[in-house]
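Numbering-wise, this note's numbering puts 146 at position 146 of the sequence shown, and it's gapless, one number per residue.
Worth double-checking, as some hints may not be accurate.
[Said to hold, decoys possible] In silico DSBU-like cross-links for lysine-lysine, where the CA-CA straight-line distance does not exceed 35 Å:
#1 37 with 144
#2 111 with 142
#3 178 with 68
[Said to hold, decoys possible] Distance windows between CB atoms, simulated:
#4 135 with 27: 36 to 42 Å
#5 23 with 129: 36 to 42 Å
#6 84 with 171: 44 to 50 Å
#7 102 with 170: 21 to 27 Å
#8 143 with 171: 22 to 28 Å
#9 20 with 56: 14 to 20 Å
To be clear, the hints were calculated from the coordinates, so they are not data collected in a lab.
Predicted model only: the values in this text are computed from it and were never measured.
In this text, a Cβ means the ideal position worked out from N, Cα and C, and glycines have one as well.
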Amino acid sequence: MPLSNLNANMLVNLRSFKQKVRHHQKAFKSYLGKIEKNPPRGLDKMAEKIDAEVWQEVDCLSCANCCKSMSPTFTNKDLKRIAAHVEMSVAELKEKWLFYDKKDGDWMNRKQPCQFLNLDSNMCSIYEVRPDDCAGFPHLKKKKMTTYIHVHQQNVSYCPATYKMVEKMMEQGIKPEKKK
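All chains should be built: construct the whole structure from the sequences, respecting the hints.
This is the structure in structure tokens:
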């Protein structure tokens, strides 16, 4: 969506977001941990409904915090696709911008913000061929939400959409299932 057509309520104020994160991060992560241990019935359906609400309130182009402060993982498929798009070999792409994280076995950006982010427009210069990790971010639509709770616990600190999702879950009274 072009910025000129945005509803002012959708614009993300990163400074305000970071203050909220500092204040609520522990509570949100704890809440998600409880949901993971005892997921309520119908969690995926509820999350799907809230996801639709979230995207009425958050616009990625007014934020791009993920591209500014995180690194996607690059699969071999991603590397080949992106290298072809930028007219480089995979080896050149790796040498110029990436490092290999031995601990996790992933190719990642050497620095942030991402080299493909246009800082003036917050748009990705390789959007059509971006890494699968970026295309799925913030991974709110993954079925079986409980299998991605660990990702949401991390992303709540970086992504206003994830933060808003957890906030709405709490506001709507979604609670862990009571143990019998």
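Exercise for the section: Take the C-beta atom of residue 23 and the C-beta atom of residue 129, compute their distance, and say whether it sits inside 36 to 42 Å. Expected result: Check passed, 38 Å falls within 36 to 42 Å.
Handout entry: Whether the CB-CB distance between residue 102 and residue 170 falls inside 21 to 27 Å
Key = violated, 38 Å
Exercise for the section: Take the C-beta atom of residue 143 and the C-beta atom of residue 171, compute their distance, and say whether it sits inside 22 to 28 Å. Expected result: holds, 23 Å
Practice task
Decide if the proposed pair is consistent with the structure: residue 178 and residue 68, CA atoms, cutoff 35 Å inclusive.
Solution key: Violated, because 39 Å separates the two Cα atoms, which is more than 35 Å.
Exercise for the section: With a cut-off of 35 Å on the C-alpha distance, tell me whether residue 111 and residue 142 pass. Expected result: Holds - the C-alpha atoms of residue 142 and residue 111 are around 28 Å apart, at most 35 Å.
Problem - Status of the given 36 to 42 Å range, CB of residue 27 versus CB of residue 135 - result: Given about 30 Å between the Cβ atoms, the range is violated.
Handout entry: residue 37 paired with residue 144 [C-alpha distance capped at 35 Å]
Key = holds, 13 Å
Exercise for the section: Can you let me know if the beta-carbon spacing of residue 20 and residue 56 is within 14 to 20 Å? Expected result: Hint holds: Cβ distance 19 Å, inside 14 to 20 Å.
Problem - residue 171 and residue 84 - C-beta distance against the hinted 44 to 50 Å - result: 45 Å Cβ-Cβ, so the 44 to 50 Å window holds.
Hint violations for this structure: numbers 3, 4, 7, all remaining hints satisfied.
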